[in-house]
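Put chain A on the given structure of chain C with help from the hints.
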Amino acid sequence: MTQPRREVLQKLTPVLTKRWLSPDAWKIDVYQRLDGYAALRKALDVHPDDLIQLVKDSGLRGRGGAGFPTGLKWGFIPQGDGKPHYLVVNADEGEPGTCKDLPLMTYDPHSLIEGVIIASYAIRASRAFIYIRGEAVHAARRLRHAVREAYAKGFLGENILGSGFDLDLVVHSGAGAYICGEETALLDSLEGFRGQPRLRPPFPAVAGLYASPTVVNNVGTIASVPYIVLGGADWWKSMGTEKSSGPMIYSLSGRIANPGQYECGLGITLRELIELAGGMQPGHNLKFWTPGGSSTPLLTDEHLDIPLDFEGVAGAGSILGTTATQIFSDQDCPVYATWRWLEFYHHESCGKCTPCREGNYWMVRTYRRILSGQGAYADLDTLQDTADNIFGRSFCGLGDGAATPVVSTLKWFRQDYLDYIEGRTAPRLSEKALVGAH
Amino acid sequence: MTDVAKKTDTVTLTVDGVEVVAEKGELVIRVAERMGIAIPRFCDHPLLAPAGACRQCLVEVEGQRKPVASCTQTVAEGMVVKTQLSSPVAAKAQAGIMEMLLINHPLDCPTCDKGGECPLQNQAMSSGRADTRFHEHKREYEKPIHISSQVLLDRERCILCQRCTRFSEEIAGDKFIDLMDRSSGEQINVYRDDFFGGDGTGDGQVGDDEGDVPFNSYFSGNTIQICPVGALTGEQYRFRARPFDLVSTPTTCEHCAAGCSMRADHRRGKVLRRLAGDEPAVNEEWNCDKGRWGFRYANAFDRLTTPLVREADTGELREASWSEALLAAAEGLKAARERGVGVLTGGRLTVEDAYAYAKFARVVLGTNDVDFRARPLRASGASDGTDEESAFLAASVAGVTDVTYADVEDAPSAVIVGLEPEEECPILFLRMRKGHLKKKLQVTAVAPYLSRGFEKLGAALVAAVPGDEARLLATDPAIAAALGAPGAILFVGERLATVPGGLSAAAALAARTGARLAWVPRRAGDRGAVDAGCLPNLLPGGRPVTDADALAEISAAWDLPDGALPGTPGRDTDGILAAAADGTLGGLLVAGVDPADLADPRLAEQALDAVPFLVSLELRQSAVTRRADVVLPVAPAVEKAGTYLDWEGRLRSFEAVLPTGTMTDGRVLEAIAALLEVSLGTGDVNAIRRELGAMPASRSARPALPSVPPAEVPQRGEHEAVLSTWHHLIDLGSMLDGDEPLAGTARSPLVRLGKDLAGALGVVDGDAVTVSTDRGGITLPVEITDLPPQVVWLPTNSPGSTLRRSLGVTSGAVVRLAAGTPGPILAEGAHQ
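Protein chains in written order, with our numbering: chain C, 1 to 438; chain A, 1 to 832.
In short, the hints are calculated from the structure, not lab data. Think of the CB as a built atom: it goes at the ideal place given N, C-alpha and C, for glycine as much as any other residue. Any given hint could be a false lead.
Restricting the straight-line Cα-Cα distance to at most 35 Å, the calculated cross-link-like pairs of lysine-lysine (DSBU-like) are [said to hold, decoys possible]:
hint, chain 1, residue 1, chain 2, residue 2
1, C, Lys-83, C, Lys-42
2, C, Lys-56, A, Lys-82
3, C, Lys-237, A, Lys-82
4, A, Lys-24, C, Lys-83
5, A, Lys-755, A, Lys-440
6, A, Lys-92, C, Lys-83
7, A, Lys-755, C, Lys-83
8, A, Lys-175, A, Lys-755
9, C, Lys-243, A, Lys-66
10, A, Lys-82, C, Lys-411
11, C, Lys-411, A, Lys-138
12, C, Lys-11, C, Lys-83
13, C, Lys-411, A, Lys-92
14, C, Lys-83, C, Lys-56
15, C, Lys-83, A, Lys-438
16, C, Lys-56, C, Lys-243
17, A, Lys-434, A, Lys-138
18, C, Lys-83, A, Lys-440
19, C, Lys-56, A, Lys-24
Derived list of chain C stretches under chain A, where covered just means 3 residues or more per stretch with a C-beta under 8 Å from a C-beta of chain A [what the hints assert, rightly or not]:
hint, segment
20, 340-348
21, 352-360
22, 373-385
So, partial list: chain A residues that the calculated Cβ filter (under 7 Å) puts toward chain C [stated by the list, open to error]:
hint, residue
23, Gly-52
24, Ala-53
25, Ile-97
26, Glu-136
27, Lys-138
28, Ser-183
29, Trp-558
Just chain C, same shape as in the assembly:
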């Protein structure tokens, strides 16, 4: 492990992560000592519309992957429509490689709750939900504890801090489905139905939860709000780039010396991130990496210096996504990695639409065959074609995500496939996996 240079270390901007290492920061007393709920007091003194404007001014963009401007989203909620409004926090973090929301909720749950209260006040919601991934038991326990503490202190419930604003917050655990991270599937699941994506329009801002105007935001997005309220839009914009403002938690995993969460201003490069993480593991050289989880097109060592903000990554033909940077080396097999991802997508496909349901079934089996040494040249064309037939044809983005690593690895690493087909690479899977195939 190598020490990062000072100028690179200075790129770290701990904002959302600043309390993670403070002992017991998940308890409300400690949180309050560390600036907690100060933003709420400030926010309740201003008009909700001013808060929406503040978030617009800050340039905050959604941290869940799509990067949609948050203030704009809040502004879509029709006001004075006589309907209840809802805030739903998407804490169903399930993208392979992504692990920024769960530590946040585990080590600093009150920052999310404070953000929820401010955001609900801004969009005039009196009921908010945090939809947390079912497997994240520990984080959910911390979060529920924090909600109880917040109620006890009068930050939730009726007439919060004497402002006349009421808010109830429900922490809802999902049942373990990746698809429920898709916002409309999440809403269906929250309503008690089978989690499958809904037809849009209508969009959640018009008819979301219980057919009422609803804002669905990622944990990181909502947790950013108190800092913006306290620090102001200009301070927020002092981090990151012009169009991608603020700090971002980069989740580094894979062949690096020190995997973990690194919060830096948007626009940092992978070269710098790897340096922050103590360099590559000894004997490993970077071969390919995901900029934002496995659903984003893979990048290679050619892309070490592109700025990791929404525009920079898009310019390189990929997507910033959830900034889950999975780093693979020359000792990793891209074909094998793609198969593992595909098994995930196949398992998690909700089954609603044909391309995702059937295409993943097909591709997974083709990969198993190739990795068992039973591949044929024609398989590569069929895989490419099937991935093309899934991408952009499925009902929601899950299908696109599944097709992405296939297209990427076929594009960058075709030779690795040929090595299996032509017998230069030893089979990784037993032929037993193919019993019954014809």
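Using the frame of chain C, we list chain A on its own:
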């Protein structure tokens, strides 16, 4: 102003280079369809909400990054759409989806019932590849599973378009099938224990385990019809035929008064299946399971094929030639008409046959003793002879076509009394549900409790003790308020006839509030019989028999001298049977009547036994034919042409499905008349249609509304209750004979009690309760229901609950209740 409004309601778009105007909100796939561009699709169905699940209908829309599902995309001004005809992207997208749909499809078309009429097969030919690139193992499931006794599911054929689940939820409201599991293991299924950790039986069959919930819907057959593959099949038709061997004939359903269009498919002289016909004004594209599967009665083993004549020496019926039997009938009726012959026609006749009976009664028998009503006409024990219903039918129903299905859908509010629409007119129920869900129709039910059907209509309940409906209609403010809105409709079922003053109150209420009134009988031939004149007080066309001008009109139409037609009202069903029983009448002419349907089956059979001469025109052996002196076989609906009037009064004409040469009732009656030297002119359906068509509209004044006062609800002692009852859709009716899988989908017979009675009897759900009268008793498991105090509900004619025969009473009567099964003596008074 209107021009501007019109303009904003349409948009102009381009599809495959052709400019087209479309309504705002129209789906691209529909626009293409109108232009003759067939975009392949599976999940799309015009009567279901868009799903976008199968992705087969992808097209290219300029400015969109990805291909767009044309079944979910609404049109927009200036939109440029390219379908597979002009866009390689769309064509490739569709080919890709088709390939993926087929990888896990078994391609067992040669043994699949759908082969030959399968949208997947057809569209695979148009959009698919010639050969497969799929070399992996296909998905397998146990097959088939019975999701009900009638519906089978082969999951490996399913393409998960969700038409069936969407139909069940959106249209029928019976969400008993749903998606289970996910990913490539996603499947349609019913709720079963093994999905929730129970053992299951492992054989994949439903219904063996505690906790299994089969597909419990009266409309389940529609899911089979809209399934775009062979995943859902019916027990009755599975493996019976190939579609290309069948001859299809459009026809009309002969069961209830809904008037559904149907398609009957036959091969080698036998109908093998029936499908819902496409009739937007009536049944849209749906029908009920009774209409779909209840047709095997026509091929029952006891079908009559030759005339029968009772041998004077032995007293036994024997087969006879037509000429002998007709002569015996003619001579018998000629002798009997000296004292009088009553005519009971039943509610199963076509308009043409009903007209033949109406004419035969007046011209040949010289009587107005003719009545189609084969059911209770008045409250049990009412004996004053007032026929409130026939007066109501004359005043408010005959010749009236005020309310249509479309009106129901658009109505702001509807009040339903004496009718449980799901059980008694299922397609009317579906239209009400559509109105309720899509156009805010508010339903108010005047009934003892909110049945499952009423609940699915989101109905508000005006709780009525049976017999008290008349008072409620006259005084309840909620009912009057519900009918106050313009366009409101008051639905009156035939059962209201058993409530003294009920029909009078309904007619008065409609007149007072301005609401339109619709009378909904239970049988396909009921409404036609009213207009054809099968009533003691009405001649054809709703003409009162007491109106001299009407008599003159009909005499002229029938080439009769003035004064030839009887000018006083005749006896109704109850009166005819009483007169037959006491020897007043010399004979009876009975068409499709089952004595078990009548108010008191025992009394009816005594009358049939007592009457000196009985002629029966029947399809199958029955309680009437066994007692008849002459039995003349006639054609079932499938073997004749005819017309029904549905509850709207709409003509629902059909041609014969099977050309067998079996005679219609009208033709048999004409032959009898000829032997009595009367030319009846009813031998040919088209001749009757011409005769009816040439008849001028009635110029008679409409008779006054009946004004029978409401009666008091009877007092009940301890362990006594007022009886409420109606028919289950699928019950012991003789036209449901011959199809056990269909009978298996019937709702379980049970007795419903309120908490008060359950407490008094000390019973809980599932315990046996015996309901009895002096005649006998019925014992069924109890379901505690939110009923008014001291009211009990039983199905009218279901297995174990043949109410009229066992109890001898009908709705509104007081019955005794006891917990448990009775001892050897059913009840006091039943002791012989």
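Hints, one by one, checked against the model:
no. : hint                  : result
1   : C:Lys-83 - C:Lys-42   : holds (27 Å)
2   : C:Lys-56 - A:Lys-82   : violated (38 Å)
3   : C:Lys-237 - A:Lys-82  : violated (44 Å)
4   : A:Lys-24 - C:Lys-83   : holds (26 Å)
5   : A:Lys-755 - A:Lys-440 : holds (33 Å)
6   : A:Lys-92 - C:Lys-83   : violated (44 Å)
7   : A:Lys-755 - C:Lys-83  : violated (39 Å)
8   : A:Lys-175 - A:Lys-755 : holds (28 Å)
9   : C:Lys-243 - A:Lys-66  : holds (25 Å)
10  : A:Lys-82 - C:Lys-411  : holds (30 Å)
11  : C:Lys-411 - A:Lys-138 : holds (29 Å)
12  : C:Lys-11 - C:Lys-83   : violated (45 Å)
13  : C:Lys-411 - A:Lys-92  : holds (21 Å)
14  : C:Lys-83 - C:Lys-56   : holds (24 Å)
15  : C:Lys-83 - A:Lys-438  : holds (20 Å)
16  : C:Lys-56 - C:Lys-243  : holds (12 Å)
17  : A:Lys-434 - A:Lys-138 : violated (40 Å)
18  : C:Lys-83 - A:Lys-440  : holds (19 Å)
19  : C:Lys-56 - A:Lys-24   : holds (34 Å)
20  : 340-348               : holds (count 3)
21  : 352-360               : holds (count 8)
22  : 373-385               : holds (count 3)
23  : Gly-52                : holds (6 Å)
24  : Ala-53                : holds (5 Å)
25  : Ile-97                : holds (5 Å)
26  : Glu-136               : holds (4 Å)
27  : Lys-138               : violated (9 Å)
28  : Ser-183               : holds (4 Å)
29  : Trp-558               : violated (62 Å)
Violated hints, in rising order: 2, 3, 6, 7, 12, 17, 27, 29; the structure is consistent with all others.
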